[in-house]
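Trainee: Okay, here's what each chain looks like letter by letter:
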Amino acid sequence: MITGTPAGPPASAVAITGLRVEQPGAPHPVIDRLDLTVGAGEAFGLFGPSGCGKSTLLRVLVGLHPYWRGGISILGEAVTPRTPLHAGVRRDVQMVFQDPYGSLHPLHRIRRSLQEPLQINGIEDTDGRIHRALEEVGLPRAVLERYPHQLSGGQRQRVAIARALSMRPRLLLLDEPTSALDVSVQAEILNLILSVRETYAPALLFVSHDWDAIAHLCDRAALMAGGRIHRLLQRADLEQPLPETLAP
Amino acid sequence: MHETPLLSVRDLTIAARTMRGDEAIVRGVSFDVGAERVALVGESGSGKSLTARAVMGLLPRTLSMQAERFAFDGRDLRALAPEGWRSLRGRQIALVMQDPRQALNPVMTVEAQIGEAIDIHHRGLPRTERSERTAAILRDVGLEPSARVLRALAHQLSGGMAQRVMLAVMLVNGPRLLIADEPTSALDHALRDQVLELISTQVERRRMGLLLISHDLQQVQRFGDRVLVMRSGQLVESLAARDLANATHPYTRTLWSCRPSAQTYRTRLPVLDRSSDTWSEIA
Amino acid sequence: MIAATLSARRFRRPGFPQAAGGAVLIAAIVAIAVLAPWIVPFDPLAQDLGQRLLPPSAQHWLGTDGLGRDILSRLIQGTRPTLEFVALVVVLAVPFGVAVGMIAGYVGGRVERCLNGLTDIVMAFPQLVLAMAFTGLLGPGLINGALSLALTGWPAYARLMRAQARLVARSDYIAAARLQGIHGLRLLWGHVLPCCLPSVQVRLALDLAGVILAAAGLGFLGLGVRPPMPEWGAMVADGSKVIFDQWWVAASPGAAILLLSLAFNLLAEGLRDVEDPFHA
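From first to last, the protein sequence lines are chains E, Y and L. Residue 1 is where the first sequence starts when you use our numbering, and the numbers rise one by one after that. Residue 1 is where the second sequence starts when you use our numbering, and the numbers rise one by one after that. Residue 1 is where the third sequence starts when you use our numbering, and the numbers rise one by one after that.
Accuracy of the hints is not assured; some may be wrong.
[Stated by the list, open to error] Some chain E residues flagged as far from chain Y (calculated, every beta-carbon gap over 12 Å):
#: 1; residue: Gln23
#: 2; residue: Ala26
#: 3; residue: Pro49
#: 4; residue: Ser55
#: 5; residue: Ala78
#: 6; residue: Thr80
#: 7; residue: Asp92
#: 8; residue: His108
#: 9; residue: Thr178
#: 10; residue: Ser195
#: 11; residue: Arg197
#: 12; residue: Asp210
#: 13; residue: Ala213
#: 14; residue: Asp219
#: 15; residue: Asp237
#: 16; residue: Glu239
[What the hints assert, rightly or not] Residues from chain Y shown here face chain E by an in silico Cβ test under 7 Å; the list is partial:
#: 17; residue: Leu191
#: 18; residue: Val271
#: 19; residue: Asp273
[Unchecked claim] Residues of chain E placed beyond 10 Å of chain Y at every Cβ, according to the derived structure:
#: 20; residue: Gly25
#: 21; residue: Ser50
#: 22; residue: Gly63
#: 23; residue: Arg69
#: 24; residue: Gly70
#: 25; residue: Ser73
#: 26; residue: Arg90
#: 27; residue: Arg111
#: 28; residue: Arg112
#: 29; residue: Glu124
#: 30; residue: Glu135
#: 31; residue: Ser184
#: 32; residue: Tyr200
#: 33; residue: His216
#: 34; residue: Arg220
#: 35; residue: Leu223
Please keep in mind that the hints were generated in silico from the structure rather than gathered at the bench. Just so it is clear, the structure is predicted and the values come from calculations on it, not from any experiment. Glycine residues also receive a C-beta, built at the ideal position from the N, C-alpha and C atoms.
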């Protein structure tokens with residue numbers, strides 16, 4: 001499963017075996033003996049109550065949480081806790097955070113938040129890319145001169161998605177991206193994610209505690225509780241209403 | 001309804017003082033609440049929470065309120081002094097807020113808090129009577145009046161238990177109207193139904209009126225009799241809860257049908273037309 | 001708090017009048033310092049032993065000191081060394097403290113523990129005593145005095161920055177920046193530092209009042225500016241010898257010190273209220 005050869009498109013976007021994640025200072029591991037595979041271009045949901053470890057799993061995958069052991073392969077490349085995700089894979093994996101009020105730098109204008117990553121990664125034509133990104137997420141260009149606190153929650157989340165998309169990721173991690181939003185705004189964001197899938201077909205790993213959102217968006221899903229995956233769900237399972245026994 | 005409604009509001013306006021003069025945040029809101037479950041729904045910025053605060057007499061001082069009619073049980077509340085509000089709240093009108101663990105006193109035990117609520121409105125009640133009422137109300141809300149529960153402090157209670165205790169504190173004096181402001185938003189999904197079920201049962205059993213503020217239309221359809229829909233500070237529709245799925249107003253229809261589900265898999269969800277919204281943040 | 005600063009409504013916020021008042025006063029004193037050579041009525045260094053210890057009059061608005069020098073002129077001239085001293089302390093102490101604190105807070109782990117230890121050690125020394133020891137070692141003078149105050153003054157900023165940097169390091173926006181490839185100096189300078197600065201600003205304004213007093217203290221002890229330079233602290237020292245009969249000789253520089261400290265205090269308190277109205 002862990003090939004280590006970057007040549008050719010990977011069969012899986014994410015392949016995890018025997019993952020154990022700890023939190024320094026906590027007596028028990030946050031995640032224990034987790035196995036998971038997400039196919040290329042697949043939308044995979046992670047459903048579970050707060051504290052089950054699903055957000056931590058995302059942070060481990062992007063390299064923000066280094067206290068883990070096990071086998072992880074992202075887009076065909078093996079990673080270790082010590083690997084700073086080197087340039088290639090870093091660009092290909094992006095994350096949208098839960099809190100639209102916290103994921104944009106409060107003192108930077110939107111233009112800078114969108115432009116700086118492009119400049120850092122040596123991408124040309126930053127203006128063109130930024131304008132296209134804003135069009136994709138349905139925001140007016142006036143937004144570029146604003147600060148995050150001048151935008152609504154939905155607008156901020158769109159900017160966050162635009163920022164993630166500007167890297168053209170092949171794997172997009174979404175950490176409860178709509179939990180803090182009104183239901184009508186959530187619908188807009190979910191539509192946006194759908195069009196992203198249609199245009200770029202990245203693999204999606206969608207974390208949520210909202211069963212309906214997962215059933216709407218995902219091809220497959222896993223139920224997490226207490227740091228473990230209790231059950232893998234296929235599309236047919238997602239079509240059923242959430243049974244009482246599965247409710248967190 | 002031929003009897004006097006518990007709560008009667010006509011043409012309520014809430015305004016904020018700005019540099020440009022008074023700016024109305026909530027305009028022309030009118031509704032009645034009888035011995036029924038009325039839900040006030042809307043999204044962030046709709047004004048539903050402010051309306052609830054106004055009806056409780058808890059508007060922040062920076063906002064002003066005006067109404068053609070604002071009466072509780074026939075009594076005019078428009079010019080009610082703070083003392084009047086204090087005797088009304090907790091006795092006739094009960095409030096349940098969003099995060100129960102923050103609303104409960106962190107240094108008082110459950111027993112003490114319920115006891116205090118009783119004392120404020122029934123002075124000089126003998127201790128045995130007080131303990132009996134405390135035990136009775138705890139059983140009503142589904143908690144066993146054991147020593148463990150009675151002596152618990154707010155931080156020792158789980159979210160669901162804390163909300164039940166909050167309810168006990170609020171209901172012990174037999175109020176006529178319960179105003180619940182997003183009482184389940186801070187709880188896990190599994191608990192939400194339980195708590196609302198409890199509120200609903202209590203309200204029915206005691207023949208109280210309920211004003212439930214919520215952003216969750218599905219929740220409101222199950223636990224409400226009538227629904228008032230607010231948008232941008234105005235009441236746009238008033239309908240029976242069972243008619244929500246067949247609402248006529250475009251805003252309500254979209255709000256109802258924009259929820260994701262397994263049936264909407266890989267389809268675009270209906271969204272609101274925001275072209276008429278004021279973009280005051282961007283301006 | 002950061003958003004509050006950016007809101008255009010800050011002018012109506014409590015604290016703005018104070019901050020503005022303090023700023024105006026400081027600006028006036030800076031202006032005096034800049035224009036000093038041209039606005040002094042008398043030569044601040046010119047002695048006239050026949051005119052010693054004269055009380056305030058139409059000719060000498062604040063009287064003369066023990067060597068017949070016009071006190072007002074010396075006060076005006078004295079704004080220069082005072083402000084230079086303060087500026088030097090700030091320029092030396094603040095960037096160092098900010099850097100140490102930010103690195104400690106952001107990097108964490110062993111680096112943080114090391115830097116914390118260093119900060120605590122330096123902080124344990126009483127500032128003025130250490131300053132005296134330094135100037136005793138290096139010799140008195142404006143630069144040495146400023147250096148010694150800076151060497152003992154940076155830990156306060158390091159601590160502030162460390163606390164802020166730790167908070168900021170955990171934020172989602174920093175995590176997002178790292179995911180996009182922003183790291184190292186660019187991240188610290190462009191992303192972490194701007195969020196931590198507001199608290200430093202407020203602390204600085206408050207400290208400046210203290211620095212002026214410390215400078216005056218050093219001057220009083222003869223460890224500051226060398227005579228005959230008219231430094232306010234030294235002037236108070238001179239005047240204290242004759243304080244009972246010719247009170248104006250000590251009171252005038254004392255009042256000037258008070259005024260400048262007050263100005264910085266007003267600015268600091270006002271700034272704090274503007275930035276963080278909930279603490280007011």
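Trainee: Take the hints in turn and mark each one as holding or not.
Mentor: Here is how each hint holds up against the structure:
1. With a least CB separation of 21 Å from chain Y, E/Gln23 remains clear of the 12 Å interface cut-off, as annotated.
2. No Cβ of chain Y comes within 12 Å of the Cβ of E/Ala26; the nearest lies about 20 Å off, and the non-interface call holds.
3. The claim that E/Pro49 lies off the interface is violated: its Cβ sits roughly 6 Å from the closest Cβ of chain Y, which falls inside the 12 Å cut-off.
4. Here E/Ser55 stays apart from chain Y, with its beta-carbon at least about 15 Å from theirs, past the 12 Å limit.
5. Every C-beta of chain Y lies more than 12 Å from that of E/Ala78, the closest at about 33 Å, which supports listing it as non-interface.
6. With a closest Cβ-Cβ approach of about 35 Å to chain Y, E/Thr80 is found to remain outside the 12 Å limit, as its non-interface label requires.
7. No Cβ of chain Y approaches the Cβ of E/Asp92 within 12 Å, the least distance being about 24 Å, so the stated non-interface status holds.
8. Against chain Y, the non-interface label of E/His108 holds: every CB pair exceeds 12 Å, the least being about 17 Å.
9. Residue placement check: E/Thr178 does not keep its beta carbon more than 12 Å from all beta carbons of chain Y (closest about 9 Å).
10. Not every Cβ of chain Y is farther than 12 Å from the Cβ of E/Ser195; the closest lies at roughly 8 Å, contradicting the non-interface assignment.
11. The Cβ of E/Arg197 sits about 9 Å from the closest Cβ of chain Y, inside the 12 Å cut-off, so the non-interface label is violated.
12. Consistency note on E/Asp210: stated as away from chain Y, yet its beta-carbon is not over 12 Å from all of that chain's, at 8 Å minimum.
13. Residue placement check: E/Ala213 does not keep its beta carbon more than 12 Å from all beta carbons of chain Y (closest about 5 Å).
14. With a least CB separation of 9 Å from chain Y, E/Asp219 falls inside the 12 Å interface cut-off, contrary to its annotation.
15. The non-interface label for E/Asp237 is inconsistent with chain Y: the shortest C-beta to C-beta separation is roughly 10 Å, within 12 Å.
16. Not every CB of chain Y lies more than 12 Å from the CB of E/Glu239, the least distance being 5 Å, so the non-interface label is violated.
17. A distance limit of 7 Å between C-beta atoms decides the matter here; for Y/Leu191 the minimum to chain E is near 10 Å, and the interface restraint is violated.
18. Because the beta carbon of Y/Val271 sits about 5 Å from the nearest beta carbon in chain E, less than 7 Å, this interface hint is met.
19. Hint status for Y/Asp273 relative to chain E: violated, with the closest Cβ pair at about 10 Å, above 7 Å.
20. With a cut of 10 Å on Cβ distances, E/Gly25 stays outside the contact zone with chain Y, its closest approach being about 21 Å.
21. Remark: the non-interface label on E/Ser50 conflicts with the geometry, its nearest Cβ contact in chain Y lying 7 Å away (cut-off 10 Å).
22. Separation of E/Gly63 from chain Y is adequate, the least Cβ-Cβ distance of about 30 Å exceeding the 10 Å criterion.
23. No beta-carbon of chain Y comes within 10 Å of the beta-carbon of E/Arg69; the shortest separation is about 30 Å.
24. Once the 10 Å rule is applied to beta carbons, E/Gly70 is consistent with being away from chain Y; the minimum gap is 29 Å.
25. Annotated as non-interface, E/Ser73 keeps its C-beta farther than 10 Å from every C-beta of chain Y; the closest such distance is 28 Å.
26. With a cut of 10 Å on Cβ distances, E/Arg90 stays outside the contact zone with chain Y, its closest approach being about 30 Å.
27. No Cβ of chain Y approaches the Cβ of E/Arg111 within 10 Å, the least distance being about 15 Å, so the stated non-interface status holds.
28. Listed as outside the interface, E/Arg112 is consistent with that label: its C-beta sits roughly 18 Å from the nearest C-beta of chain Y, beyond the 10 Å cut-off.
29. The Cβ of E/Glu124 lies farther than 10 Å from every Cβ of chain Y, with a closest approach of about 30 Å, so its non-interface assignment holds.
30. A cut-off of 10 Å between C-beta atoms confirms that E/Glu135 is not in contact with chain Y; the least separation is 17 Å.
31. Taking the minimum C-beta to C-beta distance to chain Y, about 5 Å, the non-interface status of E/Ser184 is violated against the 10 Å cut.
32. Distance check on E/Tyr200: its Cβ is at least 16 Å (rounded) from any Cβ of chain Y, clearing the 10 Å threshold; non-interface status holds.
33. Not every CB of chain Y lies more than 10 Å from the CB of E/His216, the least distance being 3 Å, so the non-interface label is violated.
34. The non-interface label for E/Arg220 is consistent with chain Y: the shortest C-beta to C-beta separation is roughly 12 Å, beyond 10 Å.
35. Distance check on E/Leu223: its Cβ is at least 14 Å (rounded) from any Cβ of chain Y, clearing the 10 Å threshold; non-interface status holds.
The earlier numbered hints that this structure contradicts are 3, 9, 10, 11, 12, 13, 14, 15, 16, 17, 19, 21, 31 and 33.
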